[in-house]
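Asker: Sequence:
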Amino acid sequence: MVSLLGPPRRSFRERSEMCRQYWDAEGNWIAATPIPNQTTEMRVTRLQGRKKDIFLGLVRKMLRWLPEERSTAEELTADEFLMLHDRSNEQIDTEQTEQVICTFGSTWYFSDC
Numbered sequence: 001m002v003s004l005l006g007p008p009r010r011s012f013r014e015r016s017e018m019c020r021q022y023w024d025a026e027g028n029w030i031a032a033t034p035i036p037n038q039t040t041e042m043r044v045t046r047l048q049g050r051k052k053d054i055f056l057g058l059v060r061k062m063l064r065w066l067p068e069e070r071s072t073a074e075e076l077t078a079d080e081f082l083m084l085h086d087r088s089n090e091q092i093d094t095e096q097t098e099q100v101i102c103t104f105g106s107t108w109y110f111s112d113c
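Residue numbers for the sequence shown follow this note's numbering, beginning at 1 and rising by one.
I should point out that these hints are in silico values taken from the structure, not numbers from a laboratory. We treat Cβ as the ideally placed atom computed from N, Cα and C, and that holds for glycine. One thing to keep in mind: the hints can contain errors.
[As the list claims (entries may be wrong)] Quick list of the computed label-pair ranges, beta carbon to beta carbon: (1) L76 to R15: 16 to 26 Å; (2) K51 to A25: 40 to 50 Å; (3) G49 to S71: 31 to 41 Å; (4) Q48 to A25: 40 to 50 Å; (5) E14 to L76: 25 to 35 Å; (6) E68 to E41: 21 to 31 Å; (7) R50 to S3: 21 to 31 Å.
Taking the hints into account, I'd like the entire structure generated from these sequences.
Answerer: Dropping the structure here:
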């Protein structure tokens, strides 16, 4: 999460005593586990250009340290990435969508990848 989101703000770290296992008082990573050298952008490899940009926008609405900053499910249903196709008259390329989501992370499975 740290590699994808960057370090959490103090307000997040102060919510739990467990955070002291991972960050010092200044917010520096102190855990034994190294932070992978990756970014959210690096994880998305099957989309390019505008589609990649709006997919990353969707991801950023969901992946937030503070739960109250995350978009609600209702808000996400109106996201531009999910609205790329008019479902009333156009088929969604489900194979590409499933590949994109499975490539991004093992947590988001809409089908077996």
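Asker: Next, verify each hint and record whether it holds.
Answerer: Outcome of the hint check:
Taken as a hint, the range 16 to 26 Å holds for the pair L76 and R15, whose Cβ atoms sit roughly 24 Å apart. For K51 and A25, the Cβ-Cβ distance of about 42 Å falls inside the hinted range of 40 to 50 Å, so the restraint holds. The supplied range of 31 to 41 Å is broken by G49 and S71, whose beta-carbon atoms lie about 23 Å from each other. At roughly 42 Å, the beta-carbon separation of Q48 and A25 lies within the given 40 to 50 Å, and the hint holds.
Taking 25 to 35 Å as the suggested C-beta distance range, the pair E14 and L76 conforms, at roughly 28 Å. Roughly 25 Å separates the CB atoms of E68 and E41, a value that falls within the hinted 21 to 31 Å. Restraint check, R50 to S3: a C-beta distance of roughly 25 Å satisfies the suggested window 21 to 31 Å.
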